[in-house]
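Undergrad: Residue numbers (the working numbering), protein chains in the order written: chain A, 58 to 488; chain B, 58 to 488.
Treat the hints loosely; a few may be bogus.
[Said to hold, decoys possible] Derived contacts from chain A toward chain B, CB cut-off under 7 Å, selection only: (1) Thr99; (2) Leu180; (3) Tyr232; (4) Pro406; (5) Ser450; (6) Pro488.
To be clear, the hints were calculated from the coordinates, so they are not data collected in a lab.
Here the structure is a predicted model, which is why all the values come from computation and not from measurement.
For every residue, glycine included, the Cβ atom is placed at its ideal position computed from N, Cα and C.
Below, each chain spelled out in residue letters.
Number of protein chains: 2
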Amino acid sequence: MPDRIWIEEVKKREGETVTLKGWLYNKRSSGKLHFLQVRDGTGLIQCVVFKGDVSPEVFERSGKVTQESAVEVCGVVRKDERSPLGFELGVTDLKVLHSAQDYPIGPKEHGVAFLMDHRHLWLRSSRQHAVLRVRHEVIRAVRDFFDGKGFTLLDAPIFTPNACEGTTTLFSTEYFDRRAYLTQSGQLYNEAGAMAFGKVYCFGPTFRAEKSKTRRHLTEFWMVEPEMAFCDLEENMDLAEEFVEFIVQRVLNHRSQELAYLKRDLDVLQKVRRPFPRISYDEAIDLLHRQGNDLPWGKDFGGDEETLISSAFDRPVMVHRYPARCKAFYMKNDPEKSDLSLCVDMLAPEGYGEIIGGGEREDDYDRLLAKIREQGLSPEIFTWYLDLRKYGSVPHSGFGLGIERAVAWICGLKHVRETIPFPRMMERLTP
Amino acid sequence: MPDRIWIEEVKKREGETVTLKGWLYNKRSSGKLHFLQVRDGTGLIQCVVFKGDVSPEVFERSGKVTQESAVEVCGVVRKDERSPLGFELGVTDLKVLHSAQDYPIGPKEHGVAFLMDHRHLWLRSSRQHAVLRVRHEVIRAVRDFFDGKGFTLLDAPIFTPNACEGTTTLFSTEYFDRRAYLTQSGQLYNEAGAMAFGKVYCFGPTFRAEKSKTRRHLTEFWMVEPEMAFCDLEENMDLAEEFVEFIVQRVLNHRSQELAYLKRDLDVLQKVRRPFPRISYDEAIDLLHRQGNDLPWGKDFGGDEETLISSAFDRPVMVHRYPARCKAFYMKNDPEKSDLSLCVDMLAPEGYGEIIGGGEREDDYDRLLAKIREQGLSPEIFTWYLDLRKYGSVPHSGFGLGIERAVAWICGLKHVRETIPFPRMMERLTP
Numbered sequence: 058m059p060d061r062i063w064i065e066e067v068k069k070r071e072g073e074t075v076t077l078k079g080w081l082y083n084k085r086s087s088g089k090l091h092f093l094q095v096r097d098g099t100g101l102i103q104c105v106v107f108k109g110d111v112s113p114e115v116f117e118r119s120g121k122v123t124q125e126s127a128v129e130v131c132g133v134v135r136k137d138e139r140s141p142l143g144f145e146l147g148v149t150d151l152k153v154l155h156s157a158q159d160y161p162i163g164p165k166e167h168g169v170a171f172l173m174d175h176r177h178l179w180l181r182s183s184r185q186h187a188v189l190r191v192r193h194e195v196i197r198a199v200r201d202f203f204d205g206k207g208f209t210l211l212d213a214p215i216f217t218p219n220a221c222e223g224t225t226t227l228f229s230t231e232y233f234d235r236r237a238y239l240t241q242s243g244q245l246y247n248e249a250g251a252m253a254f255g256k257v258y259c260f261g262p263t264f265r266a267e268k269s270k271t272r273r274h275l276t277e278f279w280m281v282e283p284e285m286a287f288c289d290l291e292e293n294m295d296l297a298e299e300f301v302e303f304i305v306q307r308v309l310n311h312r313s314q315e316l317a318y319l320k321r322d323l324d325v326l327q328k329v330r331r332p333f334p335r336i337s338y339d340e341a342i343d344l345l346h347r348q349g350n351d352l353p354w355g356k357d358f359g360g361d362e363e364t365l366i367s368s369a370f371d372r373p374v375m376v377h378r379y380p381a382r383c384k385a386f387y388m389k390n391d392p393e394k395s396d397l398s399l400c401v402d403m404l405a406p407e408g409y410g411e412i413i414g415g416g417e418r419e420d421d422y423d424r425l426l427a428k429i430r431e432q433g434l435s436p437e438i439f440t441w442y443l444d445l446r447k448y449g450s451v452p453h454s455g456f457g458l459g460i461e462r463a464v465a466w467i468c469g470l471k472h473v474r475e476t477i478p479f480p481r482m483m484e485r486l487t488p
Numbered sequence: 058m059p060d061r062i063w064i065e066e067v068k069k070r071e072g073e074t075v076t077l078k079g080w081l082y083n084k085r086s087s088g089k090l091h092f093l094q095v096r097d098g099t100g101l102i103q104c105v106v107f108k109g110d111v112s113p114e115v116f117e118r119s120g121k122v123t124q125e126s127a128v129e130v131c132g133v134v135r136k137d138e139r140s141p142l143g144f145e146l147g148v149t150d151l152k153v154l155h156s157a158q159d160y161p162i163g164p165k166e167h168g169v170a171f172l173m174d175h176r177h178l179w180l181r182s183s184r185q186h187a188v189l190r191v192r193h194e195v196i197r198a199v200r201d202f203f204d205g206k207g208f209t210l211l212d213a214p215i216f217t218p219n220a221c222e223g224t225t226t227l228f229s230t231e232y233f234d235r236r237a238y239l240t241q242s243g244q245l246y247n248e249a250g251a252m253a254f255g256k257v258y259c260f261g262p263t264f265r266a267e268k269s270k271t272r273r274h275l276t277e278f279w280m281v282e283p284e285m286a287f288c289d290l291e292e293n294m295d296l297a298e299e300f301v302e303f304i305v306q307r308v309l310n311h312r313s314q315e316l317a318y319l320k321r322d323l324d325v326l327q328k329v330r331r332p333f334p335r336i337s338y339d340e341a342i343d344l345l346h347r348q349g350n351d352l353p354w355g356k357d358f359g360g361d362e363e364t365l366i367s368s369a370f371d372r373p374v375m376v377h378r379y380p381a382r383c384k385a386f387y388m389k390n391d392p393e394k395s396d397l398s399l400c401v402d403m404l405a406p407e408g409y410g411e412i413i414g415g416g417e418r419e420d421d422y423d424r425l426l427a428k429i430r431e432q433g434l435s436p437e438i439f440t441w442y443l444d445l446r447k448y449g450s451v452p453h454s455g456f457g458l459g460i461e462r463a464v465a466w467i468c469g470l471k472h473v474r475e476t477i478p479f480p481r482m483m484e485r486l487t488p
């Protein structure tokens with residue numbers, strides 16, 4: 058038998074006879090020819106079965122092979138300018154390894170609920186391949202970016218002992234004789250890490266039990282969170298924009314075929330270049346008022362406001378210094394205006410909303426303790442976190458980027474549900 | 058002020074005056090000299106304060122600075138052959154940014170419980186830096202290995218709808234109006250991924266609610282799991298040994314300083330070269346009996362047996378074809394001897410036990426359904442998993458490697474608790 062290769066390798070095998078193993082993706086026939094689209098996960102290739110080239114049995118078998126049947130195909134690799142791959146296979150032999158009957162996902166349109174119920178099979182479609190390859194590229198870019206800058210990966214724990222900011226959006230589990238909560242963010246642990254390793258990041262799944270059925274919400278999503286010692290809000294924004302530029306340009310360079318398949322407007326992504334606009338919350342409020350949105354000063358932005366603000370710019374915009382009361386207790390207040398918080402949100406263009414949230418952390422023991430008390434939280438829970446302000450406290454900052462929202466934006470998808478292999482939402486826990 | 062740099066950058070700055078920001082790790086004085094060990098997370102440098110070089114205030118301040126105080130140090134980078142870094146700093150100025158009082162972890166020995174209670178501070182020690190940098194390197198190696206071979210990263214879900222193999226070792230949570238379980242393995246989902254992408258891996262935290270207080274158990278641990286279509290047990294073992302060799306050699310090449318700090322016997326690691334010995338369960342039983350262990354055929358190995366078996370070899374050993382009754386329902390039975398399973402465990406040397414478990418999966422619909430029923434499981438739960446055997450089923454295999462056990466072995470640690478930033482064990486959920 059000729060060498061068995063993956064479809065991704067055919068470009069190195071022009072003119073050679075090879076064996077491919079994969080699944081029938083699509084098929085059409087015309088008289089003496091069957092055109093079989095075969096996929097093996099690394100690519101899709103057109104396999105041309107010409108009646109004159111094969112035995113009568115192989116020709117007949119090729120005409121009968123059903124969608125998603127597993128096949129082994131032998132043939133000669135030939136240049137084919139019209140195909141995205143650049144090559145096709147001139148078939149000399151074909152075996153059916155496993156015949157699939159009535160594959161549920163046909164070429165016709167299916168409803169989203171049906172596709173989600175068949176997610177384990179839907180993953181075989183070219184569209185899902187494109188989205189999930191972009192996801193993989195984003196994740197590689199994230200790691201390369203931080204590893205290349207000398208950050209240490211410090212995985213934050215998933216099980217946390219306390220419901221730091223209320224239990225309403227937390228999942229919890231019995232943990233032997235007590236309760237544990239599933240993390241919503243690794244940030245507090247990251248701060249301990251930054252004091253130990255200077256520059257750290259964590260990257261793992263996080264959980265929110267929000268009763269939201271919007272296109273932006275998953276109960277389980279992946280988040281990367283860098284945290285840096287000796288870093289203020291400005292330097293934090295510098296890093297955030299460099300980071301987002303890096304990811305977007307990486308995907309443009311490495312996944313252009315996937316973006317093309319998704320019909321993504323590349324111009325929009327090509328504009329994602331530093332510097333990104335930076336406006337204060339106050340300036341954002343002015344902008345909203347000029348656009349006819351009358352959100353009063355002091356309120357946090359919702360989806361409508363985020364869309365209005367980001368529409369004013371051709372690249373991601375960073376909004377900094379929100380009213381402190383909109384933000385979590387650990388944010389440092391602006392020394393120049395103490396009702397403001399030294400925080401930043403990055404809003405993606407085209408209405409994709411917040412993709413990054415971060416800021417400078419409160420590094421003073423007494424002020425942090427006062428804020429914990431003000432918010433009615435129990436200081437005992439935060440003993441270890443307060444310790445970080447007792448022993449060598451320094452200015453430090455960080456942010457979090459949600460992978461699924463970033464992938465949805467980069468791919469130009471309406472809903473985050475396709476950006477993760479097996480999405481989990483309020484109404485969706487299967488397959 | 059001179060350029061502020063990270064300690065990792067001093068080697069490019071010989072002879073220059075620079076500013077470092079960090080924390081005081083250790084200190085000794087002798088007359089006109091203070092030797093301050095300063096760490097900033099990227100390295101540790103000796104800062105020499107000579108009375109003749111600085112103002113009286115700076116000299117006095119340098120003598121009083123306490124452990125883990127945050128400092129800013131200016132000085133000239135000088136070659137120093139005796140230090141692991143190769144350089145020291147000739148101090149010209151020193152500021153104390155934040156003075157730490159009574160840092161709890163002193164140079165004296167502390168008990169493990171005390172250190173674990175202060176894990177957020179213990180992370181600052183050189184030993185923890187060494188272990189967690191090796192962990193980071195292992196994780197990078199894992200991703201580079203699979204990315205380099207064309208695998209697609211396909212994150213498996215953490216929330217799963219069913220307790221597939223009994224609830225005794227599962228954590229569960231209320232999931233809106235139903236129950237969800239925390240994953241113990243991404244394998245079943247990976248199989249759907251392999252049929253879609255050919256070669257996939259997932260890499261994330263997994264959870265076991267085992268009531269075990271051994272040195273090998275965590276309730277939350279990270280696992281990488283590759284899964285390949287068109288792959289049998291032999292090819293699976295080929296990949297597993299190439300993978301483990303790759304990781305170990307990478308750490309040897311990139312983290313030799315950390316391994317030296319941990320006093321790891323490098324000879325043992327250098328021997329981790331392919332091919333690894335492969336023995337059947339039957340041969341392993343013979344080996345045990347010859348060593349005086351009388352485990353009867355058909356029983357799974359415990360820690361004692363694993364240690365005895367692995368001690369017979371100078372590199373990891375792969376034990377394949379266990380009795381089918383020891384293994385999970387999804388394992389394919391050996392067609393040559395149907396009471397055996399086409400599975401493999403890799404045992405690390407020096408008594409570190411199983412670091413890899415895997416095998417070839419049952420790919421026949423009827424046989425899989427029968428096995429599900431035999432084990433008293435409900436076929437309805439596995440409808441989607443059975444679908445994979447209805448539509449283009451092909452031979453496929455995979456394995457899982459637990460990161461913490463691998464790091465413990467590579468670092469030569471007795472207990473897995475130091476191999477993860479914030480370990481979670483039966484009796485440990487804090488900080």
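Undergrad: Evaluate each hint against the coordinates.
TA: These are the hints, each one checked on the structure:
1. The interface hint given for threonine 99(A) is met, as the beta carbon of that residue sits about 5 Å from the closest beta carbon of chain B, less than 7 Å.
2. Below 7 Å, beta-carbon pairs count as interface contacts, and leucine 180(A) has one with chain B at about 4 Å; its hint therefore holds.
3. This hint holds: tyrosine 232(A) has a C-beta 6 Å from the nearest C-beta of chain B, less than the 7 Å allowed.
4. At a threshold of 7 Å, the smallest CB-CB gap from proline 406(A) to chain B is about 26 Å, leaving the interface hint violated.
5. Proximity of serine 450(A) to chain B holds as hinted, the smallest CB-CB distance being about 5 Å (cut-off 7 Å).
6. At a threshold of 7 Å, the smallest CB-CB gap from proline 488(A) to chain B is about 4 Å, leaving the interface hint in force.
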